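A.B. asks: Just so you know, the protein sequences line up as chains R and Y, in that order. Under my numbering, read the first sequence as residues 1 to 464, first letter to last. Under my numbering, read the second sequence as residues 1001 to 1277, first letter to last.
Note that these hints are calculated values from the structure, not bench results. Predicted, not measured: the structure shown is a model, and the values here were computed from it. Heads up, the beta-carbon is just placed ideally off N, CA and C, and yes, glycines get one too. One should not assume that every hint holds.
[As the list claims (entries may be wrong)] Label pairs and their computed distance ranges (CB to CB):
| id | chain 1 | residue 1 | chain 2 | residue 2 | range |
| --- | --- | --- | --- | --- | --- |
| 1 | Y | G1172 | R | N175 | 37 to 47 Å |
| 2 | R | T6 | Y | T1208 | 24 to 34 Å |
| 3 | R | S141 | Y | Y1153 | 25 to 35 Å |
| 4 | Y | E1120 | R | P15 | 36 to 46 Å |
| 5 | R | I423 | Y | N1197 | 56 to 66 Å |
| 6 | Y | T1192 | R | S62 | 33 to 43 Å |
| 7 | Y | E1120 | R | R269 | 41 to 51 Å |
| 8 | R | S65 | Y | T1192 | 30 to 40 Å |
| 9 | Y | N1175 | R | K140 | 34 to 44 Å |
| 10 | R | P58 | Y | S1141 | 33 to 43 Å |
[What the hints assert, rightly or not] With a straight-line cut-off of 27 Å between C-alpha atoms, the simulated DSSO-like cross-links for lysine-lysine are:
| id | chain 1 | residue 1 | chain 2 | residue 2 |
| --- | --- | --- | --- | --- |
| 11 | Y | K1046 | R | K19 |
| 12 | Y | K1043 | R | K76 |
| 13 | R | K49 | Y | K1043 |
| 14 | R | K162 | R | K126 |
| 15 | R | K77 | Y | K1043 |
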Amino acid sequence: MENTYTLNADLYIIPYEEKGRDSFIAYFPLQSLVFEINRDASEILDSLKKNPMVTDDPEVKSFLSDLVNLRLINNKKEPKPFAPFKDQPTPINTLLLLTDTCQLKCIYCYGEAKKKGVMMPMHIAKRAIDTITRNALEQKSGIIRIGFHGGGEPTLNWKVLKASYDYALETCKQNNFQLHSSICTNGIISKDKAKWIIDNIQDVAISMDGTPEMQFKQRPMQNGKSSFKAVSSTIDLFNKHNKIYTIRLTATEFSHKRLYEIIKYVMDRFSPPMICIEPLYICGRCETSGCKPPPLDDFINEMLSIYQLGRERSIPIQYSGNRIANLLSRFCGAQGSNFFITPKGYVTACLEVIELNSSRADFLIYGRYDPESNEFIYDTEKFKRLAGSQVHTFESCIDCFAKWHCAGDCIAKAPDLSQVTRIRNEYRCKLNKSLLRQSLIETMNNQIGMYGSKVMEGPGVLIP
Amino acid sequence: MEETKKMIPRIFSAVDLTHLQPNERIGLIGNENLRNRREFLEKLFKAGIAVGLPAILLSSCEPEIKYIVTDEEDCPTYTPTTGNNPCACNTDATATLSPKVVNTLPAKNSTFINDSSGVEIRIDIDKALDVTSITGALTLSPELSGGFDIHFYDLSKNNLPYKTSLALFKTGTSNKVVLVDDTTYTVTLKGTVKDINGKNLDGNGDGTGGDDFSFSFKTVKKYDSCICQSDCTCVGNKCTCQSYISCSCQSYSSCSCQSNTCYYCSCTNMGCPLYRI
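Take these sequences, add in the hints, and give me the full structure.
C.D. replies: What follows is the structure, given as structure tokens:
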């Protein structure tokens, strides 16, 4: 008897060349299920992706009936990730971009931070905290989150940083909320400031580029001197106090073919709890310095070696586009929840875009502080455009196995923001897919490999 | 596809990745589906095909799920303009249905390393039970020396896929029961158990109440060390994970990552997956 089969699950067929020409991976990301299959199976599934199938072949029926039992076929549509949003921003988190002043003159600085820039005044920071508190009360969230970040170095606006933290803390006490705090710093800070951060800020990221040579090359002081010693002193202090932090490192053409050694150095020297690596995105000062990202294929290979090194050393390595554990419809909060306040009081969805004259401002700056009303006012059309830019609307991602993981990648790095649904950043897209594919294969192999020993602790596990 | 070609589709390996996902995601895959999946993987496993079994077999659906169907026809309660109104992924059974067992601890037919300090034995049922019907209705074979008490948990006010839990404890204590190594135990809940609407237990899941539910599991002697993936550190026989995001421990019960602070997640909550300066 003939049966009709209709695929109802998101399915991606990925060639598995490492296992041979006739080997494929069938990946059902939204079902968290993955098979290694042969060519015939891949052709059947490929065909099913296009059209329902009618067959009376017993071999094919047997194969498909298993998938029916798994509710991958002939079932109702599977739920997909989606981030609901309202017509107006209702953030309960804020990131205060306290200044565009910085002691460093990094060759790739997206903010082109200056020796003397703009400092956010306290009344704007305070109003941002009031705004998220009001929303948190309405939403009964029980928590607000406040973060401090660049353009420049946030600790250079220390008075406002500390005062806004104290204000947020007091607000939370009054409302019986939790306060979550974070900071990203260049690490050029006094011991007193570092100690305060250790005692008060929960999530700390330090931007630094590894070896003294690379730090000097890519992240020199404004006066041209090396910044390595000052940054390493701060990290040493964090380590001394067992502070959890992340080192965030930018890979460029200068780290090409040396990245593995650089990361190894960072691990040996600092033993950080986590390292985040991002390839350079050309913007800001890159335009004048001419700094470029590392060649893609070599960078992919280097990253794969570095992930392995991280596993050997038990130091997690993160890259924002490789998120095998995530199933998301948006890459980050830029698509509907970021409430980042620039030093001048603009509301931006992306911390890389803080000035109205930025080429990306039209898309990403969606509000401003209004001194007359003492409120933030929003361009709701811009906000809705950002919030609606989720991966299921990206034509360019329709048939990509990585789409629910990288969620279409960083929209701010799309080559043309007016066509964000159609055109992706090819460099990052290929990088994401390569690293995710490898993560998927490693996860498969590790999970299968665990059964080599036959016995596992915990209930629910088979022993043959 | 060419009609003349003889297709011989084959699966060489199958891996369940639910351990990577948050609970709400697993809630949407659905307990029934996960049960089917486990049976399928077991079938492959017994046929000598490499499998990666699910680390989490059954899970609850969180009240605030973020994964929702985007197609309105599939989800009538979804209203895109106002947002924050996700579909519920579990609905309560109606009063006319018989109560069913939706989860057991240990899992049915599982084999696990015996914990000499005690083992949690629990049965979760999808409806609120009539507590008076439970007396004498739950047995464990072989019997435990000293017997056991049944603790009854009414979870009907919680947003869980089960409304009642029955747990076995050492007599007169709140301690887990101590089991013997290398023994197959069978737990039976009789079909005489009733829910608050007077419906008898549907033990075999055929839609008709009145039949017993049984499950078995086997204890094995504890080994000297646990097995975990390379990004977890073995300390004694415990897995210590460096961070949640990289944790791939197979068993949550043996992994301290579950209670770890996860600053990656916090960062995500800030709306920014990674910081950058």
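A.B. asks: All hints are to be evaluated individually against the structure, with a verdict given for each.
C.D. replies: To see whether the hints hold, each was checked on the structure:
Between G1172 of chain Y and N175 of chain R the beta carbon distance is about 45 Å. The supplied range of 37 to 47 Å therefore holds. Checked against the hint of 24 to 34 Å, the pair T6 of chain R and T1208 of chain Y passes, with Cβ atoms roughly 31 Å apart. Between S141 of chain R and Y1153 of chain Y the beta carbon distance is about 29 Å. The supplied range of 25 to 35 Å therefore holds. Between E1120 of chain Y and P15 of chain R the beta carbon distance is about 44 Å. The supplied range of 36 to 46 Å therefore holds.
Our hint of 56 to 66 Å for I423 of chain R and N1197 of chain Y holds, since their Cβ atoms are close to 58 Å apart. A hinted range of 33 to 43 Å for the beta carbons of T1192 of chain Y and S62 of chain R is consistent with their spacing of about 40 Å. Remark: the range hint 41 to 51 Å for E1120 of chain Y to R269 of chain R is upheld by a beta-carbon distance near 45 Å. Roughly 37 Å separates the CB atoms of S65 of chain R and T1192 of chain Y, a value that falls within the hinted 30 to 40 Å.
Here the CB-CB span from N1175 of chain Y to K140 of chain R is close to 38 Å, well matched to the stated 34 to 44 Å. As the Cβ distance of P58 of chain R to S1141 of chain Y is approximately 42 Å, the hint placing it in 33 to 43 Å holds. At roughly 23 Å between alpha-carbon atoms, K1046 of chain Y and K19 of chain R fall within 27 Å of each other, so this suggested pair holds. For the suggested pair K1043 of chain Y and K76 of chain R, the alpha carbons sit about 25 Å apart, so the restraint of at most 27 Å is met.
Of the pairs offered as hints, the one joining K49 of chain R and K1043 of chain Y holds, with about 26 Å between alpha carbons and a cut-off of 27 Å not exceeded. With a C-alpha separation of about 12 Å, the suggested pairing of K162 of chain R with K126 of chain R holds against the 27 Å cut-off. In summary, the hint linking K77 of chain R to K1043 of chain Y is supported, as the alpha carbons are separated by about 26 Å, within the 27 Å threshold.
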